[in-house]
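Novice: Turn these sequences into a full structure, and let the hints guide you.
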Amino acid sequence: MISVLLFAGLAEKAGKQQIIIQKDQTTVDEIKIELQEVYGVDAAQNVMVAVNEIYTRENAEVRSGDTVALIPPVSGG
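Using numbering that gives the first Met the number 0, you'd call the opening residue of the sequence shown number 0 and step up by one each time.
Treat the hints with care, as some may be off.
To be verified - Listed next, with one range per pair, are the computed distances between beta-carbon atoms:
# : residue 1 : residue 2 : range
1 : V73       : Q21       : 15 to 21 Å
2 : Q24       : V73       : 26 to 32 Å
3 : P72       : Q21       : 27 to 33 Å
Read the hints as simulated data drawn from the structure, not as lab findings.
No residue lacks a Cβ here, since even glycine has one placed at the ideal position from N, Cα and C.
Specialist: Structure, rendered in structure tokens:
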């Protein structure tokens, strides 16, 4: 199982802050596609990605037991 943490607007759109993906292995890109298909969350652009608290690229492999954080840009003042 892979834990996906959503922050700010992504969490609001999905209606939850954490999503569990029941796969042994996938990629960050595939997780983003699943978020779009299942939750209607477009995480394709301008999102920082961390796997196990280390920033990474979208094509990074993710394995069962990993935690993926999708962090959108924040604004405000």
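Novice: Against the structure shown, which of the earlier numbered hints fail to hold, in ascending order?
Specialist: 1
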